[in-house]
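For the record, the sequence lines run as chains H and Z. Residue 135 in our numbering sits at position 135 of the first sequence, and the numbers go up by one each step. In our numbering, each residue's number is its place in the second sequence (first place is 1) plus 1000.
The hints are simulated quantities; they were obtained by calculation from the structure and are not laboratory data. Glycine residues also receive a C-beta, built at the ideal position from the N, C-alpha and C atoms. Any given hint could turn out to be false.
Straight-line distance between alpha carbons at most 25 Å, and here's what the computed SDA-like set of lysine to any residue pairs gives [what the hints assert, rightly or not]:
#1 Z:Lys1011 with Z:Leu1100
#2 H:Lys73 with H:Cys27
#3 Z:Lys1075 with Z:Arg1101
#4 Z:Lys1096 with H:Ala94
#5 H:Lys82 with H:His56
#6 H:Lys138 with Z:Met1086
#7 Z:Lys1026 with H:Phe11
#8 H:Lys84 with H:Cys69
#9 Z:Lys1026 with H:Tyr58
#10 Z:Lys1096 with H:Glu37
#11 H:Lys84 with H:Ile8
#12 H:Lys138 with Z:Ser1082
#13 Z:Lys1026 with H:Ser15
#14 Z:Lys1096 with H:Gly108
#15 H:Lys61 with Z:Lys1026
#16 H:Lys138 with Z:Thr1052
#17 H:Lys61 with H:Gly108
#18 Z:Lys1035 with H:Gly103
#19 Z:Lys1035 with Z:Leu1077
#20 H:Lys61 with Z:Ile1029
#21 H:Lys14 with Z:Thr1052
#22 Z:Lys1026 with H:Gly63
#23 H:Lys84 with H:Phe99
#24 Z:Lys1026 with H:Gly103
#25 H:Lys14 with Z:Cys1024
#26 Z:Lys1026 with H:Gly108
#27 H:Lys138 with H:Thr124
#28 Z:Lys1026 with H:Gly102
#29 H:Lys2 with H:Asp74
#30 Z:Lys1035 with Z:Gly1080
#31 Z:Lys1026 with H:Asp105
#32 H:Lys82 with H:Lys93
#33 H:Lys61 with Z:Arg1030
#34 H:Lys14 with Z:Thr1017
#35 Z:Lys1026 with H:His56
#36 H:Lys93 with Z:Arg1087
#37 H:Lys82 with Z:His1023
Reference listing, derived: stretches of chain Z covered by chain H, where coverage requires no fewer than 3 residues with Cβ under 8 Å from a Cβ of chain H [said to hold, decoys possible]:
#38 1022-1031
#39 1058-1066
#40 1087-1096
The primary structure of each chain is shown beneath.
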Amino acid sequence: MKFGNYMILEFPSKSCNESFARSAVACFAAQMDPTLEELGDIRTAVSEAVTNCIVHAYPNKLGTIILRCRILKDNVLDIVIKDKGVGIPDVEKARRPSFTTGGTDRSGMGFTIMESFMTTLEVTSIDGKGTAVHMRRKLQRRT
Amino acid sequence: MNFTSFQEGDKLTIALTGEIDHHCAKTYIRIIAAKIETYMPETCVLDFRDVTFVDSSGIAVVINALRSMSQIEGKLLLTGLSPQPMRVFRASGLDKLVELREAVS
Ligand SMILES: Nc1ncnc2c1ncn2[C@@H]1O[C@H](COP(=O)(O)OP(=O)(O)OP(=O)(O)O)[C@@H](O)[C@H]1O
Ligand SMILES: [Mg+2]
Chain H
1 MKFGNYMILE FPSKSCNESF ARSAVACFAA QMDPTLEELG DIRTAVSEAV TNCIVHAYPN
61 KLGTIILRCR ILKDNVLDIV IKDKGVGIPD VEKARRPSFT TGGTDRSGMG FTIMESFMTT
121 LEVTSIDGKG TAVHMRRKLQ RRT
Chain Z
1001 MNFTSFQEGD KLTIALTGEI DHHCAKTYIR IIAAKIETYM PETCVLDFRD VTFVDSSGIA
1061 VVINALRSMS QIEGKLLLTG LSPQPMRVFR ASGLDKLVEL REAVS
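Take these sequences, add in the hints, and give me the full structure.
Rendered as structure tokens:
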């Protein structure tokens, strides 16, 4: 039974773990028989959330990132990505397209991409304590 | 990271490769800016044929290239885009700022 299967990863906020994290989730999701487009969307959303932990949650220091994936019923992939970093003072504002506290190497489109590529996206954050990004993607059943 | 580029008349083509994420985006930004500054082309083509993955860090790479090209009043064009990069660029509205061409399959 795929339903109920899960995995948990913990890794430091090193940028080389961005590709590791998205690949690990893609490998885990493979058992759900996703289309190439679904797999691409999931990889992209995971990359955005993990990159945010590395860039924003732990600026100028290393911290821990926890990633959890679960398979829910009706072929839904549930993903949580958590950090214990600086937190987001105003989540609603941070989620707006083009909002960024980064420089010219950031576009402020990370949350917009997660939102449009996933079925649901929830962001909870405590200023100074950390952030959790919870997203779900329902995969089409192929017959 | 080693990008090949070639010049044809007033057109400079830069071929990008691999996965463009935050881990390597700064290098891409720097190399593209240096090439544009050196060749001062009328048109700069970023060839995405061998790019297998892009996230929002890739958007910043394109925006920075766009900025370099508008400084010299030139034009930027993206070619060879496979479905994943195309979806990311469209979701972010980049298709309204730059001409995006799909990979011909
Ligand atoms: N895990 C996090 N911890 C602290 N702040 C965060 C976190 N994730 C996002 N943010 C804040 O939310 C803002 C918006 O995030 P988003 O991913 O949409 O854009 P960005 O990371 O700034 O740029 P891009 O993702 O396009 O490179 C960030 O600039 C940052 O201020
Ligand atoms: Mg981001």
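Do the hints match the structure? See the list:
Between the alpha carbons of Lys1011 of chain Z and Leu1100 of chain Z the distance comes to roughly 16 Å, so the proposed pair stays at or under 25 Å and holds. With a CA separation close to 19 Å, the supplied pair Lys73 of chain H and Cys27 of chain H stays within the 25 Å bound. As the CA atoms of Lys1075 of chain Z and Arg1101 of chain Z are separated by approximately 14 Å, the hinted pair is consistent with the 25 Å bound. A threshold of 25 Å between alpha carbons decides the hint, and for Lys1096 of chain Z with Ala94 of chain H the separation of about 23 Å falls inside it, so the pair holds.
About 12 Å separates the Cα atoms of Lys82 of chain H and His56 of chain H, which keeps this hinted pair within 25 Å; it holds. Proximity of Lys138 of chain H to Met1086 of chain Z is assessed by CA-CA distance (about 21 Å); at most 25 Å being required, the pair is judged to hold. For the hint linking Lys1026 of chain Z to Phe11 of chain H, the alpha-carbon distance of about 23 Å falls within 25 Å, and the restraint holds. Taken as a hint, the Lys84 of chain H and Cys69 of chain H pair is honoured in the structure, with Cα atoms around 18 Å apart against an allowance of 25 Å.
Distance hint between Lys1026 of chain Z and Tyr58 of chain H is fulfilled; the C-alpha atoms sit about 18 Å from each other, no more than 25 Å. Only pairs whose Cα atoms come within 25 Å are accepted, and Lys1096 of chain Z paired with Glu37 of chain H is accepted, the gap being roughly 22 Å. Restraint check for Lys84 of chain H and Ile8 of chain H: the C-alpha separation of about 16 Å stays at or below 25 Å, so the hint holds. About 23 Å separates the Cα atoms of Lys138 of chain H and Ser1082 of chain Z, which keeps this hinted pair within 25 Å; it holds.
Between the alpha carbons of Lys1026 of chain Z and Ser15 of chain H the distance comes to roughly 12 Å, so the proposed pair stays at or under 25 Å and holds. Our distance criterion of 25 Å between C-alpha atoms is met by Lys1096 of chain Z and Gly108 of chain H, whose separation comes to about 16 Å. Taking the CA atoms of Lys61 of chain H and Lys1026 of chain Z, the gap is near 19 Å; set against the 25 Å cutoff, the hint holds. As the CA atoms of Lys138 of chain H and Thr1052 of chain Z are separated by approximately 24 Å, the hinted pair is consistent with the 25 Å bound.
Of the supplied pair hints, the one linking Lys61 of chain H and Gly108 of chain H holds, its CA atoms being roughly 22 Å apart against a limit of 25 Å. A hinted pair counts as satisfied when its Cα atoms are at most 25 Å apart, and Lys1035 of chain Z with Gly103 of chain H qualifies at roughly 22 Å. A threshold of 25 Å between alpha carbons decides the hint, and for Lys1035 of chain Z with Leu1077 of chain Z the separation of about 15 Å falls inside it, so the pair holds. As the CA atoms of Lys61 of chain H and Ile1029 of chain Z are separated by approximately 23 Å, the hinted pair is consistent with the 25 Å bound.
For the proposed pair Lys14 of chain H and Thr1052 of chain Z, the alpha carbon gap of about 21 Å is at most 25 Å, so the pair holds. The hinted pair formed by Lys1026 of chain Z and Gly63 of chain H meets the criterion: a straight-line CA distance of about 22 Å does not exceed 25 Å. With a C-alpha separation of about 22 Å, the suggested pair Lys84 of chain H and Phe99 of chain H falls inside the 25 Å cut-off, and the hint holds. Proposed proximity of Lys1026 of chain Z and Gly103 of chain H is supported: the alpha carbons are some 12 Å apart, at most 25 Å.
Distance hint between Lys14 of chain H and Cys1024 of chain Z is fulfilled; the C-alpha atoms sit about 12 Å from each other, no more than 25 Å. As the CA atoms of Lys1026 of chain Z and Gly108 of chain H are separated by approximately 16 Å, the hinted pair is consistent with the 25 Å bound. Restraint check for Lys138 of chain H and Thr124 of chain H: the C-alpha separation of about 21 Å stays at or below 25 Å, so the hint holds. For the proposed pair Lys1026 of chain Z and Gly102 of chain H, the alpha carbon gap of about 13 Å is at most 25 Å, so the pair holds.
Using a Cα cut-off of 25 Å, the hinted pair Lys2 of chain H and Asp74 of chain H holds, with the two alpha carbons roughly 11 Å apart. Our distance criterion of 25 Å between C-alpha atoms is met by Lys1035 of chain Z and Gly1080 of chain Z, whose separation comes to about 20 Å. In summary, the hint linking Lys1026 of chain Z to Asp105 of chain H is supported, as the alpha carbons are separated by about 7 Å, within the 25 Å threshold. Distance hint between Lys82 of chain H and Lys93 of chain H is fulfilled; the C-alpha atoms sit about 19 Å from each other, no more than 25 Å.
Simply put, Lys61 of chain H and Arg1030 of chain Z have alpha-carbon atoms about 24 Å apart, close enough for the 25 Å limit, and the pair holds. At most 25 Å may separate the alpha-carbon atoms for a hinted pair to count; Lys14 of chain H and Thr1017 of chain Z meet this at roughly 22 Å. Restraint check for Lys1026 of chain Z and His56 of chain H: satisfied, since their Cα atoms lie roughly 16 Å apart, inside the 25 Å limit. Taking the CA atoms of Lys93 of chain H and Arg1087 of chain Z, the gap is about 24 Å. The hint holds against a cut of 25 Å.
Using a Cα cut-off of 25 Å, the hinted pair Lys82 of chain H and His1023 of chain Z holds, with the two alpha carbons roughly 19 Å apart. With a threshold of 8 Å between beta carbons, the proposed coverage of the segment 1022-1031 of chain Z by chain H holds, since 5 of its residues qualify and at least three are required. Coverage of a stretch by a chain is defined here by at least three residues with a beta carbon nearer than 8 Å to that chain's beta carbons; for the segment 1058-1066 of chain Z and chain H the count is 4, and the condition holds. Residues of the segment 1087-1096 of chain Z lying with their CB closer than 8 Å to a CB of chain H number 5, which satisfies the three-residue condition for coverage.
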